[in-house]
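**Q** Which chain is which? The protein sequence lines are G and P, in order. Going by the UniProt record's numbering, the residue at position 235 of the first sequence is 235; the numbering climbs one at a time, nothing skipped. Going by the UniProt record's numbering, the residue at position 89 of the second sequence is 89; the numbering climbs one at a time, nothing skipped.
Errors might be hidden in some of the hints.
[Said to hold, decoys possible] Restricting the straight-line Cα-Cα distance to at most 20 Å, the calculated cross-link-like pairs of lysine-lysine (PhoX-like) are:
id, chain 1, residue 1, chain 2, residue 2
1, G, K173, G, K194
2, P, K103, P, K132
3, G, K310, G, K336
4, G, K99, G, K87
5, G, K272, G, K293
6, P, K47, G, K314
7, G, K91, G, K77
8, G, K109, P, K47
9, G, K109, P, K15
10, G, K77, G, K109
11, G, K244, G, K225
12, P, K132, G, K336
13, P, K47, G, K106
14, P, K130, G, K293
15, P, K64, P, K15
16, G, K110, G, K99
17, G, K336, G, K312
18, P, K47, G, K110
19, P, K132, G, K109
20, G, K85, G, K109
21, G, K142, P, K130
22, P, K95, G, K110
23, G, K108, P, K96
24, G, K108, P, K80
25, P, K132, G, K108
26, G, K274, G, K244
27, G, K87, G, K108
28, G, K314, P, K132
29, G, K77, G, K99
30, G, K110, G, K87
31, G, K94, G, K77
32, P, K132, G, K142
33, P, K132, G, K106
34, G, K310, G, K274
35, P, K70, G, K109
Read the hints as simulated data drawn from the structure, not as lab findings.
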Amino acid sequence: MARFLVLFLFYFASFCLSAQSEDFSSIDFTEADKLAKQNRGASLDDMPELVYNLTNSLETDAERFRAIYLWVCNNVKNDYGLYAKNKRKRKRFKDDSLKLEAWNEKFKKKIFSTLLRRRRTICTGYAYLVKTLSQLANIDCKIINGFGKPSSGNPEDLEEPNHSWNAVNLNGKWYLCDPTWASGIQDSESGRFKFSYNNGLFLVTPQLFAISHFPIEPKWFLMDKTPSFNDFVNAPILYNDAYKLLSNHIGPNRLYNEIEVNSSLEISYTLKPKINAEDVSLTIVDGSSSTTKLPDNVEQNGNSIDISYKFKRKGFYDVHLQINGFLVATYVVRVKKEKSLN
Amino acid sequence: MIMKTSILHTNALPKQLFSIGLFFLAILVFNPVQAQNNAISVNGVVKDANGPLDGVSIYLKGSKSGTVSKANGSFAFPEKLSAGDVLIFSYLGYKKESVVIDKDSSFIELTMSEEAIDVLSALNTNVPYKSKRQSRN
């Protein structure tokens, strides 16, 4: 009896410890994922019923949240037309708070009717829907507004909040996820959205999340030591696939790096799954030429990986790191002449 | 002295665990079960500052039964309710409201208020980043 109780308590206590998605490695999400799939295409007209169908047979809040989150990611499309229109207007009214508020009010209505009728939306719609459906399942979930740093455009151009995601409380602990970016990828030229679920954005390590997400309220970093906005703007570019492969990005912590000729760019990550060292490659763009190289050294120790590449010529390089053909991160390297020894 | 405390601990541990176990058991066994008496038929109307709301989800907390408001904001709850039941009103873009049913609440008139949210959007693509310097080339 006592042994059973110890196990029982351990089971509960194990939720309160350690980090993020690993907290739930003992939970099997198969059933939750199956329910999300079974309800594919369901309408949003009756949300309580949808929530009931998604969560009723599940045991834990983690599974219930999973079913809701996955359903939203796989059933709501990102609407490029809405996105472009909102971006344009918000930019135009950014110095006129009254006009901005009026636009926001008007657009909010449009967002919700488009979401309900056509299941198409933009970030806030995703975050709002995850929140609303979670609340219907009695799960405490919040919308977090802030800055998202996508790979297109320049980080320095981030002037005002542009992105919304979610924080969810499971077993007394807060977790972060981004249903918009997990849902799929937008072709910014054709404007077509393609569903392609990215599980890496479900319950993300806060340190990794903070490289591309800067909440307006610092407490939603869920970190003791929070980065400054400057740190955020100057951080490397991280791609969506990075969330699948990494559990943390250790260094370099800046996008722009300066090194001398014959010294190396050193990159360190904590990996989720193990990978083969030979699957790491670097695409180095220098002016008009682009070459793909293997790193000089890849060292793996447990889950950590250190990658180094030596630059033999001075110049200005965009370095794109790939693992298994997936684009992970970009660093910019200015290679200077070696200083003389005296 | 050292001996004594260690004995105390080994004895106390299973007892503590036992009482914690009982506590969890109690939670499982004495889950609130609602009695079905004093049947009350509930109908009403839902609106916001500008008029009736069409399509508000109205459901009984903790159950699957519910309904949706009509274009004129009116609704008739399909099941008889009892005092103490909680009806939840939920509508996208509005704050969720809950109404506790008592013997006098056969007609509910509810005004829902909009939720303050900023509509934001950032897209993510798989387009490789181009530094300013490279963009010029």
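**Q** Quickly compare the C-alpha distance for K173/G and K194/G to 20 Å and report which way the hint goes.
**A** Between K173/G and K194/G the Cα gap is close to 33 Å, so the pair fails against 20 Å, i.e. violated.
**Q** Next pair to validate is K99/G with K87/G; report whether the Cα-Cα distance is within 20 Å.
**A** Within the cut-off at roughly 14 Å; holds.
**Q** Please verify whether K85/G and K109/G have alpha carbons no more than 20 Å apart.
**A** Given that 20 Å is the threshold and the Cα spacing comes to 14 Å, the pair holds.
**Q** Against the 20 Å threshold, does the CA-CA distance of K272/G and K293/G hold or violate the hint?
**A** violated (24 Å)
**Q** Hey, K103/P versus K132/P, does the alpha-carbon distance stay inside 20 Å?
**A** It is violated: about 69 Å lies between the C-alpha atoms, which goes past 20 Å.
**Q** Does the alpha-carbon distance linking K95/P and K110/G stay inside the 20 Å limit?
**A** holds (17 Å)
**Q** Are the Cα atoms of K47/P and K314/G separated by 20 Å or less?
**A** violated (68 Å)
**Q** Next pair to validate is K109/G with K15/P; report whether the Cα-Cα distance is within 20 Å.
**A** This hinted pair is violated, its Cα atoms lying about 58 Å apart.
**Q** Holds or violated: K109/G with K47/P, Cα cutoff 20 Å?
**A** holds (15 Å)
**Q** Please work out if K110/G and K99/G have their alpha carbons no farther apart than 20 Å.
**A** With Cα atoms ~17 Å apart, K110/G and K99/G stay inside 20 Å; holds.
**Q** Is K314/G close enough to K132/P, meaning Cα to Cα at most 20 Å?
**A** With Cα atoms ~18 Å apart, K314/G and K132/P stay inside 20 Å; holds.
**Q** For K274/G and K244/G, compute the direct alpha-carbon distance and say whether it is at most 20 Å.
**A** Since the Cα atoms of K274/G and K244/G sit roughly 12 Å apart, the hinted pair holds (cutoff 20 Å).
In summary, the numbered hints that this structure violates are 1, 2, 5, 6, 7, 9, 11, 15, 19, 21, 24, 25, 29, 31, 32, 33, 34.
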